[in-house]
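> Sequence:
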Amino acid sequence: MNRSLLAPLAALLLPFLLSADLQANQPNFIIIFTDDQGYGDLSSFGSETIKTPNIDRLAVEGRKFTSFMVASPVCTPSRAALLTGCYPKRVGMHQHVLFPASTKGLHPKEHTIADHLKQQGYATACFGKWHLGHHPEVLPTANGFDTYFGIPYSNDMNHPDNKGKPQGGFAGMDILWNDPKSTLTKWRTPLYEDTEI
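Okay, so the sequence shown: first residue is 1 according to my numbering, each after it adds one.
Careful: at least some of the hints might be erroneous.
Calculated lysine-lysine pairs in the BS3-like style (CA-CA distance at most 27 Å, straight line) [to be verified]:
{"no.": "1", "residue 1": "K104", "residue 2": "K129"}
{"no.": "2", "residue 1": "K129", "residue 2": "K64"}
{"no.": "3", "residue 1": "K104", "residue 2": "K118"}
{"no.": "4", "residue 1": "K118", "residue 2": "K64"}
{"no.": "5", "residue 1": "K129", "residue 2": "K89"}
{"no.": "6", "residue 1": "K129", "residue 2": "K118"}
{"no.": "7", "residue 1": "K129", "residue 2": "K109"}
{"no.": "8", "residue 1": "K109", "residue 2": "K89"}
{"no.": "9", "residue 1": "K51", "residue 2": "K129"}
{"no.": "10", "residue 1": "K64", "residue 2": "K51"}
{"no.": "11", "residue 1": "K89", "residue 2": "K118"}
{"no.": "12", "residue 1": "K104", "residue 2": "K89"}
In case anyone wonders, no lab produced these hints; they're calculated from the structure.
Hey, can you work out the whole structure from these sequences and the hints?
Structure follows, in structure tokens:
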């Protein structure tokens with residue numbers, strides 16, 4: 001091959017080769033964010049009462065996220081802080097927990113961790129409770145997530161035996177699967193267990 005063609009060809013191919021190598025070396029990761037859990041409530045953090053073998057295995061095989069301090073003791077503000085890296089007041093999610101009658105949510109112009117990850121070539125997904133608004137323009141798929149399978153709020157806990165049909169609408173908000181109009185009417189736990197990431 002002519003040397004005069006080799007240098008420009010290498011210059012054209014190098015960014016693609018470096019990009020492919022970078023993507024191949026990117027780690028996969030899962031952030032598990034729970035409500036009403038203390039630091040020592042998992043056995044991987046010292047609990048002798050509550051056994052969490054699957055989470056323990058993830059902690060042993062991966063890394064523990066140990067330096068996040070919640071900005072608020074309740075759902076909406078703490079989720080907003082984790083997703084945006086901002087104090088909840090800065091993103092307007094600081095006053096209280098949002099409920100199904102709420103008219104606001106996390107503004108889609110806020111840059112979330114999902115937005116940052118997508119810019120780095122990651123596929124993103126949100127599973128479980130969102131608690132940052134229920135209107136289509138504020139749901140996870142409007143905030144950087146490729147896939148969303150969950151509930152906008154967790155007001156379904158009011159069912160006395162958790163065996164009957166979930167209470168939709170303002171009593172419990174049905175499960176949404178990417179499309180804000182796609183509601184499902186089975187109890188949540190089996191649906192989460194049966195959904196593949």
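> Honestly, which of those hints from before does the structure not fit?
Nothing - there is no hint that the structure violates, so all of them hold.
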